[in-house]
Amino acid sequence: MSLRRIATIARKEVRHVLRDWQTLAVVLVMPVMMLFLYGYALNADSRDIPVMVELPSPTPEGRIVAEKIDASRLFAVVGTVSSAPDPAELFRRHGIRALFRFPPGFSGDLRRPGGAGIQVLIDGSDPNLGTLIRNAAEPMLLSATLDAIGSGQPRVLDLRTSILYNPDQRSALFFVPGLMAVILLMISALLTSIAIAREKELGTMGQLLVSPLRPIEIILGKLIPYFFLAALDGVLILAAGRAAFGVVIAGNPWVLALGSLVYIFAALGIGLLISTIVRRQQHAMFMALGATMMPGVLLSGFIFPVESMPVALQAVSRALPATYFLEIVRGVILKGIGLRELWAPISVLFLQGLALTAFSVRKFKVKL
Amino acid sequence: MTLFLTVIWKEFRQIRRDKTGLRLMIALPLAQMLVLGYALTTEVKNTSVAVFDRDGGPMSRDLIRVVESNSLFRFRGHAGSEEELRGMLDRGLIKLGMIIPADFSRELERASRPVPYGPPYGTGMDGAGIRIMVDGQDANSAGVARGYLSAVLNQWAAAHLRSRLEAAGISPDRVRPVSVDTKVLFNPLLKSSWYMVPGIAVLLVTMVTALLTGFSIVREKEAGTLEQILVTPIKPIHIVIGKAAPFFLIGVVELIVALSIAQVWFGVPFRGNYAALLAFSSAYMLSSLGIGILTSTLARTQQQALFIIWFFLLFFLLLSGFFMPVENMPGWVRTLTYANPVRWFMQVLREMFLKGSGFAELWREGLAMIAIGVCVLSFAVLKFNRKAG
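Keeping their order, the protein sequence lines are chains W and P.
Numbered as in my numbering, the first sequence ends at 1340 without a single skipped number.
Numbered as in my numbering, the second sequence ends at 392 without a single skipped number.
Because the hints were derived from the structure by calculation, they are not lab data.
Backbone N, C-alpha and C fix where the C-beta goes; we use that ideal spot for every residue, glycine too.
Each hint should be verified, as a subset may be incorrect.
Derived EDC-like pairs: lysine to aspartate or glutamate, alpha-carbon spacing no greater than 20 Å straight-line [unchecked claim]:
1. W:K984 to W:E1171
2. P:K390 to P:D184
3. P:K186 to W:E1110
4. P:K224 to W:E1110
5. P:K194 to W:E1279
6. W:K984 to W:E1173
7. P:K13 to P:E223
8. P:K186 to W:E1173
9. P:K48 to W:E1171
A short, non-exhaustive set of chain P residues, derived as facing chain W with CB atoms under 8 Å [what the hints assert, rightly or not]:
10. A42
11. N73
12. S108
13. M136
14. G150
15. L188
16. L309
17. L357
18. V377
19. C378
Computed spacing ranges between beta-carbons, pair by pair [unchecked claim]:
20. W:T980 to P:E87: 23 to 29 Å
21. P:P328 to W:G1089: 41 to 47 Å
22. P:D184 to W:D1140: 31 to 37 Å
23. W:R1252 to P:G270: 36 to 42 Å
One chain only, chain W, in its complex shape (with noise of 0.2 Å):
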């Protein structure tokens, strides 16, 4: 293995990468623009929620908890009727999301024994959104009415939460760190299995190989600058997100950096195993597209948790180098954690790494 032939090989692939606009384009403005588009878009924090309020006799209590409605962050009174024959039809007309309905004796059934019922209809076709108003609607409606009657409020526990880790509990907290899972994969599997593919489709790998150079100095000389790129990314994207959305790392940066190395030598193992298994560019996109990056964004927690799927996607989940990034990724950015907690994930992204580049080297050679 000679370094000075690897190092004409990286410096001919680094040639390649900066005269291709895509790639150039895909590597710098996508990661910035992801960056963007998942810390605005994906904002789990609902607020004035739009709801009517059902109120067939408009007594002082009635407005008393339909205000109080209207003042919770949760909800927005966006209308008030005095009955409603077709519930479902405001629904689908208005498009409110929960309907609160007062019986017509509202105000005398506080004071009678058995209490007043309370009704509230709920638009369940959103489910995150129906189960959050299910959770919220009772405790709020009963301090509204104890308030509205004015007896105090029974307070038999005294839940004190803390939040941990992301204590402002920002969206953007969460997903900005996760997108490094997605963008390194992306360059290291996918540009580099397409960079592979594209010389045995044209011909050149086989110029290449009858050359005096070895096939490891090729594979080499062709991932060196893919490493960098997916470093440089990363580096990129920590930058972007403290910038942008106030993204810190808690935990100690070299502890993320070896994690990273370790994802990222994974990550090209893949786009490596990809690049001999084809022979063409349109299947090495299809399969670094299907087969990594939707497993690597979908199943890897990225923005579903893990637990609530299925025990099969599960398994598949734990076999994905992502799902192991993200627990380092957020780990020390957001819990702070270092070597002690982590060792685990790290040495499993090492050792899939490995797997990966000795089994698609050997395969390499014999194909040649």
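Let chain W serve as the given structure and place chain P on it in line with the hints.
What follows is chain P alone, placed relative to chain W:
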């Protein structure tokens, strides 16, 4: 006209001959639908919990039992100290940690002691404290899990108070002047799949129509056959429409297949009207086919076409409300989404499926899709014409 029909006929033949492509066209979306239907769940299930019980009395044990037996939680056992609990959170073993303080039983007794006058409970002081630590990384899951836990704990507390009051001969109604009865419409079990699967159908239809139209034109460009067709008497506009028409049909077929899977496999009810659905889908496909044609004027190779459409799709999908409600986005981003056809079709399909909405409720969304579609399509055709001419 006959020339125009010839183009369509040629395109159909080409599609039929490409056996691998045909298989990919049908099998891939179906496979995606099946996997995604299960994977894209925003439900919060199996939240792992651990407890550090410093009290250890019968009341705290009873409370823990209630949490333990609740199917929403996975109980991961007891921690011996606060540090241990925090360590479990750090290592990601649990998402929720409960700390029951040493004086819990005493405080609970005080807070729920019935008094015969005034408010019939406690003395208006604080209740018995319980500390809850939440892994707040994912704001969505954290919020829902926290809501579940406080609901479970408060229910337990209400039952406890009620039994204490009853034992003291005080009517418990004085503490609870209202009973709240919640009823969930349209999706009574709050199943995530009922919401996500129609969304996935939108995704598939978009991918198939935009990607395949783009590919099919760019392929002819790459092979040089587009030049040959352009020198024939066929007008460029006819070429474009002839190219797009078969994919319109394929899009419709894909949609029907996706809807059948949604209904038969995932059990999502379709409460709308099929004719209205077809009308809305046609309006939508103006845009998605337009994007495909527009892409073909920008890209020289199929690889470029794929990248460009991927860019488009990523933008459109994230700003469509597919994952999280559009209402939660900041104002200026929400304004951007008005120009996003995927957003409108996503809303239309979901509301048709679950709420049974039709033209009467969705005409604005329909008009928006037609407006966007006409703009995109005419721009694409103009651009194609100019390049061709």
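Quick rundown of the hints versus the structure:
For the proposed pair K984 (chain W) and E1171 (chain W), the alpha carbon gap of about 12 Å is at most 20 Å, so the pair holds. Between K390 (chain P) and D184 (chain P), the direct Cα distance comes to roughly 64 Å. Violation of the 20 Å bound is thereby established for this hinted pair. For the hint linking K186 (chain P) to E1110 (chain W), the alpha-carbon distance of about 12 Å falls within 20 Å, and the restraint holds. The straight-line distance between the Cα atoms of K224 (chain P) and E1110 (chain W) is roughly 62 Å, outside the 20 Å bound, and the hint therefore fails.
Distance hint between K194 (chain P) and E1279 (chain W) is fulfilled; the C-alpha atoms sit about 16 Å from each other, no more than 20 Å. A C-alpha spacing of about 17 Å is found between K984 (chain W) and E1173 (chain W), which places the hinted pair at or below 20 Å, so the restraint holds. At roughly 13 Å between alpha-carbon atoms, K13 (chain P) and E223 (chain P) fall within 20 Å of each other, so this suggested pair holds. At roughly 60 Å between alpha-carbon atoms, K186 (chain P) and E1173 (chain W) are farther apart than 20 Å, so this suggested pair is violated.
For a cut-off of 20 Å, the pair hint linking K48 (chain P) to E1171 (chain W) is broken: about 47 Å separates their Cα positions. Taking 8 Å as the C-beta cut-off, the interface hint given for A42 (chain P) holds, the closest approach to chain W being about 5 Å. Hint on N73 (chain P) is violated. Least Cβ distance to chain W is approximately 14 Å, over the 8 Å limit. Of the supplied interface hints, the one on S108 (chain P) is violated, with its beta-carbon coming no nearer than about 13 Å to a beta-carbon of chain W, more than 8 Å.
For M136 (chain P), the interface hint holds, since its Cβ comes within 8 Å of a Cβ in chain W; the closest pair sits about 5 Å apart. Checking G150 (chain P) against chain W: minimum C-beta separation of about 4 Å stays under 8 Å; hint holds. Evaluation of the L188 (chain P) hint against chain W yields a held restraint, the C-beta minimum of about 6 Å falling below 8 Å. With a cut of 8 Å, the hint placing L309 (chain P) at the interface with chain W holds, because the nearest CB-to-CB distance is about 6 Å.
For the restraint placing L357 (chain P) at the interface with chain W, the shortest Cβ-Cβ distance is roughly 4 Å, inside the 8 Å limit, so the hint holds. Taking 8 Å as the C-beta contact cut-off toward chain W, the hint placing V377 (chain P) at the interface is violated, the least distance being around 25 Å. Residue-level restraint check for C378 (chain P) is violated (minimum Cβ-Cβ distance to chain W is 22 Å; threshold 8 Å). Between T980 (chain W) and E87 (chain P), the C-beta spacing of about 55 Å breaks the proposed range 23 to 29 Å.
In this structure the supplied range 41 to 47 Å is violated for P328 (chain P) paired with G1089 (chain W), their Cβ-Cβ distance being about 30 Å. Checked against the hint of 31 to 37 Å, the C-beta distance between D184 (chain P) and D1140 (chain W) comes to roughly 34 Å, which is consistent with it. The hint said 36 to 42 Å for the Cβ distance between R1252 (chain W) and G270 (chain P), and at roughly 40 Å that hint holds.
In summary, the structure is inconsistent with hints 2, 4, 8, 9, 11, 12, 18, 19, 20 and 21 from the numbered list given earlier, while agreeing with the others.
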